[in-house]
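Peer 1: Going down the list, the protein sequences come from chains E and C.
Counting from 1, one number per residue, gives the positions in the first sequence under the numbering used here.
Counting from 1001, one number per residue, gives the positions in the second sequence under the numbering used here.
Hint data in this document are derived by calculation from the structure and do not stem from the laboratory.
Keep in mind that the hints are not guaranteed to be accurate.
As the list claims (entries may be wrong) - Below, a list of computed lysine-lysine pairs in the DSBU-like style, where the Cα atoms sit at most 35 angstroms apart:
no., chain 1, residue 1, chain 2, residue 2
1, E, Lys-255, C, Lys-1497
2, C, Lys-1497, E, Lys-499
3, E, Lys-379, C, Lys-1365
4, C, Lys-1294, E, Lys-203
5, E, Lys-253, C, Lys-1365
6, E, Lys-113, E, Lys-49
As the list claims (entries may be wrong) - Non-contacting residues of chain E with respect to chain C, defined by C-beta distances greater than 10 angstroms in every case (computed):
no., residue
7, Ser-212
8, Trp-267
9, Lys-281
10, His-398
11, Arg-458
12, Val-464
13, Pro-481
14, Val-482
15, Arg-485
Where is the CB? At the ideal position from N, CA and C, for every residue including glycine.
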Amino acid sequence: MASASIPVYSSSNNPLENSSSHNASRESLKMEPLADCSLLPGEERIIDKDIIYICPFSGALKGKVFITNYRLYFKSTDALLFAYLSQEKFEENGWSVYKPMEEFRRQGLPNDKWRVTFINANYELCDTYPTILVVPFKATEEDLRKVCTFRSRGRIPVLSWIHRENQAVICRCSQPLVGMSGKRNKDDERYLDLIREANGTAKLTIYDARPSVNAVANKATGGGYEGDDAYQNAELVFLDIHNIHVMRESLKKLKDIVYPNVEESHWLSSLESTHWLEHIKLVISGAIQVADKISGGNSVVVHCSDGWDRTAQLTSLAMLMLDSHYRTLRGFQVLLEKEWISFGHKFANRIGHGDKNHADQDRSPIFVQFIDCVWQMTKQFPTAFEFNERLLVTILDHLFSCRFGTFLFNCERARDTNELRSKTVSLWSLVNSDLSFYQNPFYTPESNRVLYPVASMRHLELWVTYYIRWNPRIRQQQQSPVEQRYIELLALRDEYLKKLEELQLSDSSPNSSHLSNSSTPNAASPTQHITHLHTPF
Amino acid sequence: MMEHIRTPKVENVRLIDRMAPRKAMVGTLYLSATHTIFVENNPETRRETWVLHSMVASVERPPTTPSGSHLVVHTKNFQVVQLLIPQERDAMDVQASLARLSRPEKYSELYCLSINPNANKEEREESWSFLDLQADYRRMGVPNNLWVSTPANSEYRVCDTYPSELFVPKSATPPVIVGSSKFRSRGRLPVLTYFHQDTLAAICRCSQPLSGFSARSQEDEQMLEAIMKSNPGSDYIYVVDTRPKLNAMANRAAGKGYENEDHYANIKLQFIGIENIHVMRNSQQKIIDVGELKTPSMGDFLWGLESSGWLKHIKAVLDAGVFIAKAVAEEGISVVVHCSDGWDRTAQACSVASVLLEPYYRTMKGLMLLIERDWVSFGHKFSHRYNHLEGDPKEVSPVIDQFLECVWQLSEQFPCAFEFNERFLVQLHRHVYSCQYGNFLGNSQKERRDMGLRERTHSLWPQLWKDRAQYANPLYRADHTQTQGMLRPNTTPYCFKMWKGMYNRVEKSSPPRQTPTDLLTAVREETQQLEEELTNHQERIAALTKADQTKGNAGQRKINKVCEEECRPGGLAPPTGDGPFTSPPQGYSPSQGGPPGSAMTLPLGPPKGPGPDPDDLSSACSDMESGVADLSSRSSSGGDDSKDPDEAVYCTA
C-alpha cells in the first residue's frame, strides 16, 4: 500500500468492528472512527472527499476519505448493515419499550437501601455497561471507582432485580481480578458486604457460573473467584456451565445430526453426544438455584468471567422465574433489552453481523441457548407466558437478519456512537405492531407465581420446531391446532355471552343488568374466569 | 382371600414421596381382601391411597434401617409406592401377605369374580350388550357379495382360539376353510379383520403356515387366492410377516415358517421385523428403569432410553401398521398379516392399521370395538400376557402396552384426530391388568364362554363410556382435517418420545401445572353450558310470546317498581312462577346485607346466589358459575401434587 507511512485507519465496512475496540480502549489509544470522523484534541480536518478505495483484502470500496493534520481516514459508505438502510415504518416505536428508570421504578427502586447512580453516564466507569446503574445506597461513587479496578473490564456488581417483599436482590458482575497471587481488595469485599447487608441476609451467595476448574484456571490470566477467607460473609457456588467455545461446538454437533439429514439409526445417543440438552439443563438448574435463593430471602451475586454471557443467561432466566412481568409480551422485551442488550452481551461478536469470518473464536450461540431455555420453560408452563413460540422464533430469526437494529453492536456505548436508535428500526416495532400474532391464548396472568421448571433430563426436549424446521415433515403450522381450537372456543363463548346479553336487554327486564354484570368480566377477559384453576406453587 | 392377610392393620406407617423423600405422610395401613389402603392421619386431609392387589407387580423390602423397614411396592402400571413401617415384623407380614394376595392362583380369587354377580343383575347384563361386534362388521359393509360369514367355527371346532363368527371370501368353500386351518399353526386360518369400503381391499389375519422346508397345502393356497379374488381390482396380495426374517426362517426347522412365493401364486411377501415377546418384555423393563431413575444425567437418560430399544420397537409396530394401511388405502391391495401364532404382533399390526385407516377407530367407542375385535375376540392371550394368575413368567409380555403406546404416539403427532385423551389410554392399560372387570380374563373367546364371565362379571366398556367426559380430547372435532381419512404419521426416530404419562408419572405431575388441554376442556364445557342456556332462553321466549304476552309484561313492570334486582323473576319467570317468586324477596334481600335503597347498585357486585331461588334465570346463571367452579376443583386436583384419582392404581374413596 502506498500510504504506508501515513497512519491509515480504514474503517472496516462493518461499523460493528468499532464497538469491539471499545472494550479494548483502555489498553491502547485507538481512535474512534465515528460517523463523521471524530477528531483528537488538536486534530483538524483538512479535506474530505468521496472516493473508491481499492482495498488489498476486500476489493473496491466506495467511501469517503478524510484527511486531517494527523491522519488519513477512510470510511466506507457501502455495505452498511441492512438495518441502516431499512425504510420500514411501523405503528409502534420499539425503541421506547425499555426505559431503565421506569423499569427500576416498577421494581420499587430507588429505595432507602439502593440508589440510582449516573456515574457511568459517559461510560467512564465501565464502557460495556449501561449508563444507569443501581448500587447499594451506602456505596459512594468513590467506592464504585475502587471496586471497578478489581473487576474484570470494570463490570462491578450492580443490581439487576429486587424482590418486592423480602428485598433480596440479584446482582451481576464479572470475575474479581484475583490472579495467581490471590490478590484481595478491601473495597470489593466491603462492597459485596453492603449488598448482603441491604436486606439483612446472613450470608451472601455468589454464583460463579463456571466450572470450578475454569475459575481456577482464570487466575492465570489475572481473573479468578472470591476466596472464602477474603469474603467471610459470602458462600461461593460454582454452577458448572461451560464456556462459549464448548457451547459453540455443542450446537455445531447438534446441527450435524439434524442437517442435512436427521440422524436415524442412533438418534438418541447421537443427541446425547451433542450434550446440547445437558448444557440447557445446567443453565436452567443454575437459574433455578438463583431464583430459589431469592425466594428464600437471600441476596445473590452472579458472575462468570466477563459477566456478559453465562451471567446474562442466569440472571434473565431467574428473573423470568421470579417476576411474572417478564413473562408478558412487553415485559419479555424489557428483560432482553435490560439483561442482554443494555448490559453488553456481545451480540456483534457472538453472532458476527456482517462479518465474513465465520470461524471467529468469539462466535457462540449463547443467546440462542437462552431462548431455548425460555422455550423449555414455556413447554413446562404453557399458561404462564403471554407470548408464544412464534415470538421466540421471530427473535432468533432477527438475531441474525440485521433487519432491525435491536441486536446490533456489543454494548450501549457503541450503539450510541452509531446512532442506532435514530437510524434503525427496533425489532419490537415489528412485534408490537402485531401483538396478537405473538400471543399465547392460554396465558393466565398470575402475578405472584414463581415458576420452578423441572430441569430433569426427562423433561427437556429438543426444540424440534426450531432446529429441524427446515424439514418439510416438521409441519410449519401457522398456528398450533391446540391454540387454534382454544381461540375458536373463546370466540364462540363470547358470541354466546353476547347473544344472551342481547336477549336480556331486549326483554328490558331488570335481570338484564344483573346478567350482563355477571357476564361482562368473562367477555372482557376470557382468562379471568379460570384463574382460580391454578394451584399456587 | 382373607386367610392370606397376616396383619390387617399397621399404624404409624409413612408413605414416602419419592421425589421429595423428606415429605412423608404418616398414617395407617390396612390390608383388605382386595386392596391395600393407606389413610393419612392428618385429620384435615385424611388422604387415602388405594392399591388394588391385582395391580401389585412386586414388593421389595430393602434392608431394615433404624427408622424402620421400607417396603417398595411396584405396580403393574409402573407406579411405585414406598412405605416405611416402624416394626420389621409388620413389614415382613405385609410383604408376605401382599406376595400372596397379588398372585391369585385361581380366577375366582380375582376382584371381578369376588363381587356378587346378581347384585346388579340387569346392569350386568346390559353392560355386556354395550358393544356389538357384528354391528361393527356391518358398519364396514361386511358381509357383502365378496365376504361372507361362515358357521365353521361356531362351536370352536376349527380353531379354539378364534371367535365363533368368522368372515371369509365368498369363494372359500368349507373344505378350503378346514384345509387351510389345518395348514396353519393352531388352526388359525386367514380370515377377515378389516374391510376397506372405498378400495374393497381387506386386511386378513392368520398364523404362520406349517410349511417347514417344503410342505404345501392346496387348500391354503386356494384360500389366499380366494382372498385376492375377493378384491376385484387387484392381481396380487401382500403377505406381511411381522417377524424379523431370521426368526421366520428359524421357524421352518420346526415345521413352520412362511409362505413360499413359488407355491402361492400372486403374493408379495414382506417382513417387518417386530421382535418377539421376550425381547419386548426385557425392553420394557429397561424403559421402566429409565422412568424410575431418581436424577438421571443426560447420558443416563438418553443412553438408557436408546439402549432399552423400546422406542425402536414402538416404531417397528407403527411401521407395520403404516405398511398395511398404505397397501389397503393407497394401492388398494389386500393384505394377509401373520406372525408366529397370530395373536400378538398380528394383533398389533392389524389394530394399528385400523386406527390409521379408519377415523371411527379414533373415537372412544371405536377404539373399544377395535380392542374387542382384534384383541379380545381373536384370542390375544390376556391372562398369560398380563399375568392375571400366577403363571409362566416367560408368557408375560407388554404386547397391548405397545399398541396403546402407538396410539399415544399418534395422538402426539395428530392432536386433533382422536376423540379420547391420554387418560383414556392409561385407564385402558390399567384395566387390562387390574381384572376389575371381566373383559380381559382368559385367553380366548371360548375360555371366557366356558367360564361364564358374562354371567359372573361386569363389562368395562359402559363404565368407561359413563365417564367419557373426563376422557374427552377437547381438540377433537369430527370435521377437522386430521379426523378425516387416513393418518400418515412421520416415523423417523426423533418423532418418538418417551411416554411420560405412563413411565414417569411422578415427575409428570410436578411441577403442578395446568395443561392447555385442561383450559380447553374448561372453555369447551363453559361454551356448551352457555349454548344450552341460550337455547333455553330462546325456547322460553318463544313460549312466552305465544302464551301470554300481556300478562308477562305486566308482571315485569310490577317487578321493576319493586326494584328487587336480586330476585329477578321478571317476565322470564315461567307462567306458573307467580306463587314462588312472591315469597323469596323477603328472605333474600337481607342476605345481601344492603339497605333497600342500595338495591339498585347491588347487581354490580358479583352475583351471590346461595339459598333456594325459584327463578330460572338466576339459577341458570349460578349454574354457569358453579359449573365453572366444579371444573376448577377438578382441574386443580388434577394439577396439584396429590395423586390424580383417575390415574392408575390410586383411587381415592
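Peer 1: A separate judgement is required for each hint: does it hold in the structure or not?
Peer 2: Now for the hints, and whether the structure bears them out:
1. Distance check on the hinted pair: E/Lys-255 and C/Lys-1497 sit about 20 angstroms apart at the alpha-carbon level, within 35 angstroms; holds.
2. For a cut-off of 35 angstroms, the pair hint linking C/Lys-1497 to E/Lys-499 is broken: about 44 angstroms separates their Cα positions.
3. Only pairs whose Cα atoms come within 35 angstroms are accepted, and E/Lys-379 paired with C/Lys-1365 is accepted, the gap being roughly 31 angstroms.
4. Between C/Lys-1294 and E/Lys-203 the CA atoms are separated by roughly 30 angstroms; this keeps the pair inside 35 angstroms, and the hint holds.
5. In summary, the hint linking E/Lys-253 to C/Lys-1365 is not supported, as the alpha carbons are separated by about 46 angstroms, beyond the 35 angstroms threshold.
6. Restraint check: the Cα-Cα separation between E/Lys-113 and E/Lys-49 comes to about 55 angstroms, which exceeds 35 angstroms; the hinted pair is violated.
7. Distance check for E/Ser-212 against chain C: the nearest CB is about 18 angstroms away, which clears 10 angstroms, and the non-interface claim stands.
8. Chain C draws E/Trp-267 into its interface by the beta-carbon criterion, the shortest separation being 4 angstroms against a cut-off of 10 angstroms.
9. Interface exclusion of E/Lys-281 from chain C breaks down, the closest Cβ pair being 7 angstroms apart, not more than 10 angstroms.
10. For E/His-398, the shortest C-beta to C-beta distance to chain C comes to about 27 angstroms, beyond the 10 angstroms cut-off, and the non-interface label holds.
11. Against chain C, the non-interface label of E/Arg-458 is violated: not every CB pair exceeds 10 angstroms, the least being about 5 angstroms.
12. For E/Val-464, the non-interface assignment is contradicted: its Cβ lies about 7 angstroms from the closest Cβ of chain C, within the 10 angstroms cut-off.
13. With a cut of 10 angstroms on Cβ distances, E/Pro-481 falls inside the contact zone with chain C, its closest approach being about 5 angstroms.
14. Non-interface call for E/Val-482 relative to chain C: violated, since the shortest CB-CB distance, roughly 5 angstroms, does not exceed 10 angstroms.
15. Residue-level check failed: E/Arg-485 sits 5 angstroms from the nearest beta carbon of chain C, not beyond 10 angstroms.
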